[in-house]
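J.: With the hints as extra help, turn the sequences into a complete structure.
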Amino acid sequence: MDLIKGKSGGWPITETADSWITHGTTADSIDQALQNACEEAAKLLVDEWGFTMEDAFIFLSVAGDLGIAQYCHPSPGSVIAKMRVPKTSATPHPFRK
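First residue of the sequence shown: 109, per our numbering; consecutive thereafter.
Just so you know, these hints were derived from the structure itself, not from any lab. One or more hints might be untrue.
Label pairs and their in silico Cβ distance ranges [to be verified]:
1. GLY158 x ASP136: 13 to 23 Å
2. ILE176 x GLY118: 11 to 21 Å
3. GLY158 x ALA135: 30 to 40 Å
4. ASP155 x PRO194: 12 to 22 Å
5. GLY158 x TYR179: 27 to 37 Å
6. ALA177 x ALA125: 14 to 24 Å
7. TRP119 x LYS195: 13 to 23 Å
8. PRO120 x TYR179: 18 to 28 Å
Cβ coordinates follow ideal geometry from the N, Cα and C atoms, glycine included.
T.: The following block contains the structure:
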């Protein structure tokens, strides 16, 4: 894992060989965790590749893979969602392998 200085965001972004993964978490709302993960992915597209927010969400609705990473109750901070953005030839040039 690398720390990129001068960059800020709400949550860490994970990079794997074939994708970028954004995260969102809340204490008790699965809907909010999912929304947070989606918003982080959209911000990545807007900030790094010049998408509009609308275009980012449209792109994510087609290419993104939204999921639940953890959902345990009643522990606070236990709802974690993730949005995977694949590195494929179908994605904009900066996302390609």
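J.: Now, for every hint given, state plainly whether the structure supports it.
T.: Structure-based check of each hint:
1. Judged by the Cβ atoms, the range 13 to 23 Å given for GLY158 and ASP136 is violated: they are separated by roughly 35 Å.
2. The beta-carbon spacing between ILE176 and GLY118, approximately 18 Å, falls within the hinted interval of 11 to 21 Å.
3. The given range of 30 to 40 Å is respected by GLY158 and ALA135, whose C-beta atoms sit roughly 34 Å from each other.
4. Separation of ASP155 from PRO194 is about 19 Å and conforms to the stated range, judged on CB atoms against 12 to 22 Å.
5. Here the CB-CB span from GLY158 to TYR179 is close to 34 Å, well matched to the stated 27 to 37 Å.
6. For ALA177 and ALA125, the Cβ-Cβ distance of about 19 Å falls inside the hinted range of 14 to 24 Å, so the restraint holds.
7. Take TRP119 and LYS195: their Cβ atoms lie about 20 Å apart, and the range 13 to 23 Å holds.
8. Separated by about 19 Å at the C-beta atoms, PRO120 and TYR179 satisfy the suggested range of 18 to 28 Å.
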